[in-house]
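Novice: Chains as they are written, first to last, in my numbering: chain X, 1 to 266; chain U, 1 to 783.
By construction, these hints were calculated from the structure, which means they are not laboratory data. A quick note: this is a predicted structure, and the numbers were derived from the prediction, not measured. Check the hints yourself; a few may be wrong.
Straight-line distance between alpha carbons at most 16 Å, and here's what the computed EDC-like set of lysine to aspartate or glutamate pairs gives [said to hold, decoys possible]:
hint: 1; chain 1: U; residue 1: Lys301; chain 2: U; residue 2: Glu451
hint: 2; chain 1: U; residue 1: Lys509; chain 2: U; residue 2: Asp523
hint: 3; chain 1: U; residue 1: Lys613; chain 2: U; residue 2: Glu595
hint: 4; chain 1: X; residue 1: Lys39; chain 2: U; residue 2: Glu131
hint: 5; chain 1: X; residue 1: Lys39; chain 2: U; residue 2: Glu286
hint: 6; chain 1: X; residue 1: Lys39; chain 2: U; residue 2: Asp570
hint: 7; chain 1: U; residue 1: Lys645; chain 2: U; residue 2: Glu486
hint: 8; chain 1: U; residue 1: Lys28; chain 2: U; residue 2: Glu121
hint: 9; chain 1: X; residue 1: Lys8; chain 2: X; residue 2: Asp47
Between beta-carbon pairs, the in silico distance windows are [to be verified]:
hint: 10; chain 1: U; residue 1: Arg415; chain 2: X; residue 2: Asp240; range: 49 to 55 Å
hint: 11; chain 1: X; residue 1: Arg10; chain 2: U; residue 2: Glu689; range: 57 to 63 Å
hint: 12; chain 1: X; residue 1: Asp240; chain 2: U; residue 2: Phe443; range: 34 to 40 Å
hint: 13; chain 1: U; residue 1: Gly19; chain 2: X; residue 2: Pro36; range: 21 to 27 Å
All C-beta atoms in this analysis are idealised placements derived from N, C-alpha and C, irrespective of residue type, glycine included.
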Amino acid sequence: MYAFDYHKPRSLAEATALLNANPEARLLAGGMTLIPTLKQRLASPSDLVDLGGLPDLAGIFVGDGEVRIGAMTTHATVAHSAEVRAALPALAALAEGIGDPQVRHRGTIGGSISNADPAADYPAGVVGLGATVVTDRREIAADNFFTGMFETALEPGEIVRQVRFPIPEAAGYAKFPNPASRYAVAGVFVARAAGGVRVAVTGAGPSVFRVPEMEAALTASFTPEAIASVLVDADDLNTDLHATAAYRAHLVGVMAARAVTSALES
Amino acid sequence: MGLMSQPIRRTEDGRFITGRGRYVDDVKMEGAAIGYALRSPYAHAKIMSIDVEAAKSAPGVIGIITGAELEAAGIGHLGAAFPASFLKNRDGTPRVDGDRALLTVDYVRYVGEPVAFVVAESLNAAKDAAEQILVDYEELPAVGLIDEALDPGAPLVWPQAPGNIALDWAQGDEAATDAAFDRAAHVTRIDLVNNRVVVNSMEPRGAFGTYDKVTGQYELYATSQGSHPIADTIAKRILRIPPERLRVITPDVGGGFGLKMSTFAEYPLVLIASEKFGMPVKWMSERTEAFQSDSHGRDLKSHAEMAFDAGGRILGYRIKTDFNLGAYGLGFGPGIQSVVPMFVVGGVYKVPVVYNHVRAVFTNTVPVEAYRGAGRPEAAYIIERIMDLAAREMGLSQDEIRLRNFIQSHEMPFRSYVGAVIDSGDFQRNLHDCLRQADWAGFPARRAEAEKRGKLRGRGLAYYIEKTAGGASAVVISFTPAGRVEVGVGTSAHGQGHETTFAAIVADKLGVPFDSIDLIQGDSIRAPWGGGTGGSRSLWNSGNGILKAADAVIDKGREVAAALMDTAQDAITFEEGAFRVHGTNQFLPLLEVAEAARAGSKLPPELKARLEKGLDSSGTHEEKGDTFPNGCHICELEIDPDTGKVSVISYDVVDDFGFVLNPLIVAGQVHGGVAQGIGQALLENCLYEPGTAQLLSGSFMDYTMPRADDLPSFGFTYNEILCTTNPLGIKGCGEAGTVGAAPAVMNAVLDALWDKGVREVDMPMTALRVWETLQRAAAKAAV
Chain X
1 MYAFDYHKPR SLAEATALLN ANPEARLLAG GMTLIPTLKQ RLASPSDLVD
51 LGGLPDLAGI FVGDGEVRIG AMTTHATVAH SAEVRAALPA LAALAEGIGD
101 PQVRHRGTIG GSISNADPAA DYPAGVVGLG ATVVTDRREI AADNFFTGMF
151 ETALEPGEIV RQVRFPIPEA AGYAKFPNPA SRYAVAGVFV ARAAGGVRVA
201 VTGAGPSVFR VPEMEAALTA SFTPEAIASV LVDADDLNTD LHATAAYRAH
251 LVGVMAARAV TSALES
Chain U
1 MGLMSQPIRR TEDGRFITGR GRYVDDVKME GAAIGYALRS PYAHAKIMSI
51 DVEAAKSAPG VIGIITGAEL EAAGIGHLGA AFPASFLKNR DGTPRVDGDR
101 ALLTVDYVRY VGEPVAFVVA ESLNAAKDAA EQILVDYEEL PAVGLIDEAL
151 DPGAPLVWPQ APGNIALDWA QGDEAATDAA FDRAAHVTRI DLVNNRVVVN
201 SMEPRGAFGT YDKVTGQYEL YATSQGSHPI ADTIAKRILR IPPERLRVIT
251 PDVGGGFGLK MSTFAEYPLV LIASEKFGMP VKWMSERTEA FQSDSHGRDL
301 KSHAEMAFDA GGRILGYRIK TDFNLGAYGL GFGPGIQSVV PMFVVGGVYK
351 VPVVYNHVRA VFTNTVPVEA YRGAGRPEAA YIIERIMDLA AREMGLSQDE
401 IRLRNFIQSH EMPFRSYVGA VIDSGDFQRN LHDCLRQADW AGFPARRAEA
451 EKRGKLRGRG LAYYIEKTAG GASAVVISFT PAGRVEVGVG TSAHGQGHET
501 TFAAIVADKL GVPFDSIDLI QGDSIRAPWG GGTGGSRSLW NSGNGILKAA
551 DAVIDKGREV AAALMDTAQD AITFEEGAFR VHGTNQFLPL LEVAEAARAG
601 SKLPPELKAR LEKGLDSSGT HEEKGDTFPN GCHICELEID PDTGKVSVIS
651 YDVVDDFGFV LNPLIVAGQV HGGVAQGIGQ ALLENCLYEP GTAQLLSGSF
701 MDYTMPRADD LPSFGFTYNE ILCTTNPLGI KGCGEAGTVG AAPAVMNAVL
751 DALWDKGVRE VDMPMTALRV WETLQRAAAK AAV
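Turn these sequences into a full structure, and let the hints steer you where they fit.
Specialist: Quick look at the structure:
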C-alpha cells in the first residue's frame, strides 16, 4: 500500500476536525473493503481516520419500537445479539450471512452502508425496513440514503453514527450468494409493517432498489404465491462472471418468495 | 504389531497446525532485501523500450535487473522438461516450445509475464519503484482461448508455429481404428471442455537466495516439490555453473499439486540479484500475483467417439484433443495431454484399437503445466463421460456397460492396446463394493423423495485408472553419534506426510523407535539425488528404496554383530531390532551395533576398513513396473431448479491402492483429491477475456475454491489388491481422488437433468450454467 498517516481520534469532534483538515483523508471503520483496496494500491488516501476509538459509536439498543445499532457495531455482534434476534430476527440472520467469520468480526454496519457496495447485504435490510441513518449532522431516510453504485447521500466529512430500524410485524431476508465472494448475487429483504410491505433488492442492480409491484402484491396478500407472477425487468440489472441480468431478474423473484416464506415462519 | 498398515497420526501436523512450520517466507537473514517482479499488463505486446533510470533512484531501491542485462551476461532460459527427440510431432518434425527468458526482452506474451526485477529494502519501496519503470509497450492482438488461437488468421504467438500449433501428436493406429468404426453397431460421440483451473496452493511460490562472494557458493530456499531438479535446471541451464556451487533447500511447503515441480524465473532471479547486489534477496508471491504467474492446469477441448458392437462391447476409440499450452512450452507442459496420460486413455476397458490425436495450442496466457493428475484426470474424464453417455444411448445400466468391457482380474497382467501392462486389479469387485456402499439400488426412492421437495436428484458413476511410478530416487539410511537414524530421500513432501510414512517403514524394518528417525529431504546437497515428489510415486520410489537400504544395513550389521559377539555370521539372526546368536540368549540391538560400527574401535581392522561408513547404506528402487491405482467413484447430488445450485449429497469411493501403509494418510489424500475434482466440476473456472486475453477470474472474489460447506462427508473404503511389481505391493494414491471425481460428479449432474431434456453438460456446472441449461431445455421442449 501507499504511505498514509494514521489517526485514532477519541471523539467525533476530533474525527471531524481531522477530516476537515485533510481533504484526502478516508474514514476507517472495519476496513473490510478499504484495507484490501489499499493493499492493492487502488486507493491512496493521505490519512486514515480510524473510528475504532469511539466507543459511543458501537452498541445495540432495542426499545421504543426500534432497533438502534451503532455504526461501529460488527456484523457478528448484531448476528449474536439476543435482543436483535428476539426483536428483528431477519436482521440478525442477514448479519450472520455476511462474508465469513473473519469479516463478520471486523466489518461494521456503518462501514458497510457508507461504502454502499451494490452487492452488500445491509443496504437491503436498511431499505427493506425503512430505517433511518443517523449521522453527526442529520437523519437520512433509507430511501434517500443510497444514491448509486458505491454512492450515498453522505456529504464530505459526514460520519454515520447509528442506524435506527423500526421493528416490523414480520420480515425475512434471502440471498443467493456469489459462490466465490459470498456477496449477494441477488438478496431480497421483505418487511411487513403497519404502513404496508417493503421489498428491497441488493446485488442485482447498480444499487439497492425497491420493487413496488411486489410491495403492492404482498400488501394485498403476504404470501409467496402473491408475487409468483411479478417479473423484474432485467434491463437495469448487472451482468458479470457469475450471473447474467436475466438470471438475476429470475433470482430476485425466487429470493423474494423465500424471504416471504422466511418472514411467515419467524 | 508393526507400524505399517496402522493409521498413525502425522508427525508433521503438530508443527503445521500450531503455526510452527518453517516455510520459505519464514527464512530471515540480516540485511536481506526484497525482490519484486514488474509484470506485463498486456497479453501481447512488443517492448519498444524499458527505462529504469527514475526507478533506480527511488527511495529504498537497491537495484533493478532487466532482461537485456541478463542476455548480456549469458544467463540461460527456461524450457520444457521433455527433450525435443522424446516428444515430437506425429510427422516427425520437432515441436515448438517458444523461448522463455527469465525476464523478457522484446515481447510480452501473457498478462503477468515478468519484465523487470526490482530489489529494494522493503516490498513497498520495490512496488513504488516498479511504478516508476517506464515500459513503452506497443500492444499487439492477442489470443487467450483455444478457439481464438485456432481461428484461421489468428495472430500468432510464435511465428515459427503456424496456426499456433506447438505440437501435433498422436498415438495409436488411425487406419485400424477407422476400420473398427466401420464395423460398429453403435457409435457414441461427445464433445467436452475440460475447464482451466488455477492451482492455488495454500502457500504461494517463493524463493530466498544468497550468494557468498568468498566461496562463490549460491544457496536457494525455494517452494518446490524437489530440490534436485530445480538445482539441475538452474545450475546447468540458467546460471551455467558447476552443480556443486548451488545448494537448493526446500523447507516446509504448503501444497504443490504439480505447480512446484517446475523452475520459475523468480528462483534464479533471487540468486542473480543476491550476487549482483551483495545481500540475500527474498521474493514471495502475493495471491494476485499467483493467479497471474503460477502455471495453470487443464484447459482442453476434446471430441471423442467410441465404437461398440451390438453387445455393447468396445470396438474402437478415437479422440481429438486441443489443449491450451499458454504462451510457452515449459516444464511438463507439452506432455501433459500427450505422453503423460498415453497409457491410460483406454481406462479400465478392453479397447482393441485407439487413435488419440492431440494438439498443443499456443495462446497469450500463462503457461499450462502439471496439475494434480496431470493429463490422467483429463483422460479419465473423457472416457468415463463417453461410457456414461453410451450406456444411456444403448439402454444399458451404468454398471452393466462397464462390466461388459472391464479388463478381468484373471487376465492380468494385461497388456493393453495402448501399451500399458496392468499387473493387478479387480475392477468388478471394486465396482460392486462401491454400488453397495453408495446404496445404488436405493436411489429411485431417494430421487422420488427429492422430487417431492422440488429437487432434481442425480447419481453418477465413474471408474478411473492411473499409471504411476518411474524416476529413480535414492535413499540413504545413516546412523548419527547421538543415536538417531537419518533417512535421506530424493522425494520431497509438500503435504503428503512422508516424515510419518517413511519412518514407519524404517521403524518396522529395522526395529528402531519411530521417534528416533529423522527424514532428510528437500536438499540438493544433503539429501540423496531424486526427482522430487509428484505423480503419486514417492512411496514407490522412497518406500521401496528404504527396504533396499534397510536390507543393506542388516547385512552389514550381521557382519559387525558376528565380530562383536565373536561368532559366525550364519549363526546371527535379525529379529525385533536386534542381532541374535542362534540358540543362545546373546543379542545386540541394532543401534548399538550401528554405533560400534561407526566408532570402529572394536572391529577387526579388515572390517573397519571395509565399513568406512559403519552401517550407513543406500538403496534405490530401480525395478521396472508401473503401478495402476484404480477405483470406483459414485456421486449423488441434488439440483435446485429454481436457482440452479448443485449440492453434492453423498460421495463414495472404493479404491485399490495395493498395500495401504497408512490408512489415515491415504484417506486424507482421497478426500483432498475428491474436493479438487468436485471443485473443478462445479465451481472453479479460470477465464480469460475473449479478444484481449486479460485474466478475468484473477482473485478469490471471482475464482471459486471449493470450501468445506460445498462438500459432503466422503465414504471411502479400499480393497488391497497388491501390486506385483514392487516389493511393498503399493500403488500410488496421491492424485487418484482428483482423477475419479470430475466424471462422477458430471455424470451425476447429467443424470439429474436428463429427464428435463438436457443432453450436454460441461464443467463447471455453476448455478448460472445449470439454470441456463434448464432454460434452454425448457425452451426446446416447448417448441
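Novice: Between lysine 39 of chain X and aspartate 570 of chain U, does the CA-CA distance stay at or below 16 Å?
Specialist: violated, 71 Å
Novice: Just to be careful, I want the Cα atoms of lysine 8 of chain X and aspartate 47 of chain X compared with a cutoff of 16 Å; is the pair within it?
Specialist: holds, 11 Å
Novice: Holds or violated: lysine 28 of chain U with glutamate 121 of chain U, Cα cutoff 16 Å?
Specialist: Between lysine 28 of chain U and glutamate 121 of chain U the Cα gap is close to 14 Å, so the pair holds against 16 Å.
Novice: Please test the hint of 21 to 27 Å on the beta carbon pair from glycine 19 of chain U and proline 36 of chain X.
Specialist: holds, 23 Å
Novice: Should the hint that arginine 415 of chain U and aspartate 240 of chain X are 49 to 55 Å apart at their CB atoms be regarded as holding?
Specialist: holds, 52 Å
Novice: For the hint 57 to 63 Å, verify it against the beta carbon of arginine 10 of chain X and that of glutamate 689 of chain U.
Specialist: violated, 48 Å
Novice: Assess, step by step, whether the Cα of lysine 645 of chain U is no farther than 16 Å from the Cα of glutamate 486 of chain U, and give holds or violated.
Specialist: Violated: lysine 645 of chain U and glutamate 486 of chain U sit about 52 Å apart, past 16 Å.
Novice: Starting from lysine 301 of chain U, check that the Cα of glutamate 451 of chain U is at most 16 Å away, please.
Specialist: Measuring from Cα to Cα gives roughly 34 Å; hence the hint is violated.
Novice: Take the C-alpha atoms of lysine 39 of chain X and glutamate 286 of chain U, compute the straight-line distance between them, and say whether it is at most 16 Å.
Specialist: holds, 11 Å
Novice: Take a look at whether the Cβ-Cβ distance between aspartate 240 of chain X and phenylalanine 443 of chain U falls inside 34 to 40 Å.
Specialist: holds, 36 Å
Novice: Check whether the Cα positions of lysine 509 of chain U and aspartate 523 of chain U lie no farther apart than 16 Å.
Specialist: It is violated: about 25 Å lies between the C-alpha atoms, which goes past 16 Å.
Novice: For the pair supplied as a hint, lysine 613 of chain U and glutamate 595 of chain U, confirm whether the alpha-carbon distance does not exceed 16 Å.
Specialist: The hint holds at about 11 Å.
When the structure is compared with the earlier hints, violations turn up for hints 1, 2, 6, 7, 11 and for no others.
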